[in-house]
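Number of protein chains: 4
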Amino acid sequence: MNSFGRLFRIHIFGESHGESAGLVIDGCPAGLPLSVEDFLTDIERRKGGNHKGTTPRKEDDLPIFKSGIFNGHTTGAPITILFENKNTRSGDYEKQRAVPRPGHADFTAHAKYGGFEDFRGGGHFSGRLTVCMVAAGVIAKKLLGHIQVVSTILEIGGEADLEKGLQKAIDAKDSIGGIVECRVNGLPVGLGEHFFDSAESLISHAVFAIPAVKGIEFGAGFAAARMFGTEHNDAIEDASGKTRTNHAGGIVGGITNGNELVFRIAIKPTSSTPKEQQTWNWETNAIESFSVKGRHDLCIALRVPVVLEAVTAFTLVDLMLLEQRIGRIGPSFML
Amino acid sequence: MNSFGRLFRIHIFGESHGESAGLVIDGCPAGLPLSVEDFLTDIERRKGGNHKGTTPRKEDDLPIFKSGIFNGHTTGAPITILFENKNTRSGDYEKQRAVPRPGHADFTAHAKYGGFEDFRGGGHFSGRLTVCMVAAGVIAKKLLGHIQVVSTILEIGGEADLEKGLQKAIDAKDSIGGIVECRVNGLPVGLGEHFFDSAESLISHAVFAIPAVKGIEFGAGFAAARMFGTEHNDAIEDASGKTRTNHAGGIVGGITNGNELVFRIAIKPTSSTPKEQQTWNWETNAIESFSVKGRHDLCIALRVPVVLEAVTAFTLVDLMLLEQRIGRIGPSFML
Amino acid sequence: MNSFGRLFRIHIFGESHGESAGLVIDGCPAGLPLSVEDFLTDIERRKGGNHKGTTPRKEDDLPIFKSGIFNGHTTGAPITILFENKNTRSGDYEKQRAVPRPGHADFTAHAKYGGFEDFRGGGHFSGRLTVCMVAAGVIAKKLLGHIQVVSTILEIGGEADLEKGLQKAIDAKDSIGGIVECRVNGLPVGLGEHFFDSAESLISHAVFAIPAVKGIEFGAGFAAARMFGTEHNDAIEDASGKTRTNHAGGIVGGITNGNELVFRIAIKPTSSTPKEQQTWNWETNAIESFSVKGRHDLCIALRVPVVLEAVTAFTLVDLMLLEQRIGRIGPSFML
Amino acid sequence: MNSFGRLFRIHIFGESHGESAGLVIDGCPAGLPLSVEDFLTDIERRKGGNHKGTTPRKEDDLPIFKSGIFNGHTTGAPITILFENKNTRSGDYEKQRAVPRPGHADFTAHAKYGGFEDFRGGGHFSGRLTVCMVAAGVIAKKLLGHIQVVSTILEIGGEADLEKGLQKAIDAKDSIGGIVECRVNGLPVGLGEHFFDSAESLISHAVFAIPAVKGIEFGAGFAAARMFGTEHNDAIEDASGKTRTNHAGGIVGGITNGNELVFRIAIKPTSSTPKEQQTWNWETNAIESFSVKGRHDLCIALRVPVVLEAVTAFTLVDLMLLEQRIGRIGPSFML
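Line by line, the protein sequences are chains Z, G, L and Y. Be aware that the first sequence starts at 1368, since it is given in the numbering used here, and climbs by one per residue. Be aware that the second sequence starts at 1368, since it is given in the numbering used here, and climbs by one per residue. Be aware that the third sequence starts at 1368, since it is given in the numbering used here, and climbs by one per residue. Be aware that the fourth sequence starts at 1368, since it is given in the numbering used here, and climbs by one per residue.
Because the hints were derived from the structure by calculation, they are not lab data. Treat the numbers as computed from the prediction; the structure is a model and nothing was measured. There's no promise every hint is true.
Where chains are identical, the list cannot tell them apart; a pair therefore holds if satisfied intra-copy or between any two copies.
For lysine-lysine, the following DSS-like pairs were computed, each having C-alpha atoms within a straight-line distance of at most 27 Å [as the list claims (entries may be wrong)]:
hint, residue 1, residue 2
1, Lys1535, Lys1453
2, Lys1540, Lys1509
3, Lys1642, Lys1609
4, Lys1660, Lys1609
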């Protein structure tokens, strides 16, 4: 299912080179002011156009409101937003159909859907659909009010100096990965539950919906595995739950503890790379060399921060609604 | 909610020092042979009793079947299994109530449940409930038939030599963390969906339900962030989808690709440590030193492999049922 | 939430006088042939245009495929279909805003959504959205193959002669209700579960989503309350489960028994009626007389059969998928 | 799945002649006082022991708390309650196994679960599990506070004089059905949503989980199908939404309107009847006469009111939580 959330429920749909991509949000409180302008900054951020290393494809991705918005406010009914696809060049992709691209969903989608999958540009299995996540994130961030969700790139190709990392990829004529961090300030104590609905469970569930993510760690994360207990434990300092250190990353026992939420994700290198690769050919049943044509990012991680903010924000809105920290009607969502 | 799964649904309940811990499984196919003996090995593995560094508490955790099993087979109706709590010493914990232990859920549970939470030994917020996960895992592993789910400890306190890692903790009189890996062989191509129900999303959702997990990575994981695309991409070699390398860890585009599923998790050091720590006292509103009394593991990671196998197994059963790879009735679950 | 189904999941959205109405279907098997032509008959049936007593509004409701369909077949990805709204006359409704129409959702929607609801023509709370149900039904009926779902009107205004019933309404210049029956032949034994997921529970859940339904009964229904056990019990006659009578309506213990599924629903009279009524005015806080202007059906029951077939069909597809009676891939959905 | 509810989630399990029947409630707010005594009245009502026509089986059904209750209050963790089975006489049933009893789930359960179902006394497919619903109802009614849920029997065997109806059954040596009504006072405006989560959809979903229910109608129900619009529409009289009449039964557009919630259900005659019946024999493949031995109610409808109150109450608690009309923590559930 392409759905996520219990009370603030996101459904995404669409294809890279089909009619459109879009989303339906069920459970958004009524009375939130919403306009096309609210989306422009984050949609622009997702294009990653200011960086070298991102694809020049211009999508002019204006959100088209199809339901749930009236007189500039959400109505409480399902919100539907479409992004139409323009300027697509399917020809780039069709000739490669017999060759499942390594690192792409070509092979798995074909096996799962018996050849009926839309294979143009990855079809449904495309980073194109992250624009839907970003749109949901815009709405979620408005609902979160003063709670700030901020993602930044920590490193590209192992380099904290991002320009240096990108230059490495350009020099090698190869794609490259990166690490992105997300920090959230202003969260109340008490979001999430122990075990299956832990805050970590829900956030990681949403985060692994972003294509190319291969790892996540909260707080000290993998480094915690090498610490002693007295090093790792965060001493509580007052009645608000404030801790001296924050190795837990703001979640203890699956529940937010009122400190900064901190986690990092690993982004693999873009699967499409200008460099020659080998793969097996469905028609000839032989291994062959090929190289990916078309417009592709050298480093998809550059586009990830706004998507990561988005999935984090809508997961948190759901957790806030479950804890009744956001009202269901009218201006009560102002926290 | 303490539930997980769409078609093979696990519910866990109970407290560390209450009446019992237990589970209900909804959606288990009828006709699976099941006896108390099936559970003994995994329950014993969870106790971690053979290692130094695990708690000496003897639980004699025999599963008590309360529903859903008849004439030694599952009936298709909900399966309920209880584990009774014996040999508990609540006194160890009650006197510490005013002192929320760092790294434990004491503070967050109190804030969330308004002081009504069962605070004895962590109450519901206790590793005790992992016995319920293990029990569900026993059933799930039987359903998986020849698909092998195997977890191993990769390192303890940064040491691949586990004895050495444990000795480090014993010498420091402090607790310590570790890294655990899970590998699954024999999975079909096609489990999981793109985006929100990706195999990574569902597995990580389940895995972060295990207390003390702070990170997860699939295949190359965080190392992928430092690789070039041509290094990371796994070249497909034949019609079965077999790849030359396995940096993807067996999942591409959120869907299993028929190769070995591989992922690793980071376990933080046990929160309870014999060493003195500082925390804030609810009653005195002052920071004070304290040390945790009672029986505790120095390294909870030692108990994790069987729990990790369990949550992985029941997540995979759910994915297999969704893809109709396991029949709903009778002996057809034999794959 | 405007969603229904566990594996074949329907989401509907839209407003009567907004941009559009539409639906997303998640979980439709790949490989089902689908064209605009498949929808025309049922969409036409929903208009009820051949009967006197239905509104003359012409909607030209052509489905617009926005995702999930490629080369004339479903792809396995979410299917999105839009119906654009044309020829709406909002002016008819706006002047009545202060007057919550009796029998309509005007009052309850206002109370629930704090005045942010789209009030034009009922907004989201409109029979307009049944076109989305009908579209989902078209797809579901194709998936059901030889299983026939057929709804017929049993009576209008208490008359089995429908013309007579309608004439009664026309003469009285008032709206009128009716009773609609649904019969399904060809169902396998074993759909549904005891208790909360009984076939009756799921069907009635879906059926009460149709506006104006106020009752449902299966088989002998309310008449069963006046029968003796030996009268009501259906004697089983052979190994297929065929019964001599069918007072159970094809469901025993919440599970289909292989006989014809039979149930009836009660449709209240159209809330909008040309006759003068009384209601309370929000602005004046006084009770006043008013009459509904605009185009309205005298008997909404005339449009219900195709909607009832639709919700029944998609509920049954979900039940069939849960029992693995429909394959997930390719032509295997051909039963 | 034997689960119901989105935020206040009920899971039931067990068998008629197995170890036990029981339930898990997930999502119950913390801080509700709860003792065994709270359950006694409703459990006694369910036995129907004061009426002639109910089975003499004495169950002494004391609830055994297994989790989620501490110091006499709910803790916010899952609540598990067991009812142990005693005084069962399986021998009564085993000899009849080859003969699927008409009106029972014997045939459908066998077909669905391939012969692995527990067939003793109906096994999982037994009215025995309604004790679990009743227990959930006790908790739900406490949460509803001053909102009163009251069910009464309207008729037995077509007689409003219940003694007369029962005597009819006793004279005929046959079982008999009945009609039960439920009325709820004090509900706020705004529970339920249009379409798939309408209050009618959710209530009917829960109600058809009660064995033997074959119909439900809200307000005027089936009679509405024969009314004119001006007759049926309930004129709104003031800002609270109070209506002059209540043909809608307290729900308009799927949403509660603040008036009394009223609905009725049809209960078929008890399937087990002392009178001789015919059915087909699995072993001989011939039709034969048989009569049901053992202890059975002549009129199961007599036991239904308390079960109907229960499922109504827990459905309403879920709707109240969704609308944030019940707080998640501490004494705030006092409305």
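Hints, one by one, checked against the model:
1. Lys1535 / Lys1453: For Lys1535 and Lys1453, neither the intra-copy (32 Å) nor the inter-copy (55 Å) Cα distance is at most 27 Å.
2. Lys1540 / Lys1509: neither (40 Å within a copy, 48 Å between copies)
3. Lys1642 / Lys1609: between (50 Å within a copy, 22 Å between copies)
4. Lys1660 / Lys1609: between (52 Å within a copy, 24 Å between copies)
Violated hints, listed in ascending order, are 1 and 2; each of the other numbered hints is respected by the structure.
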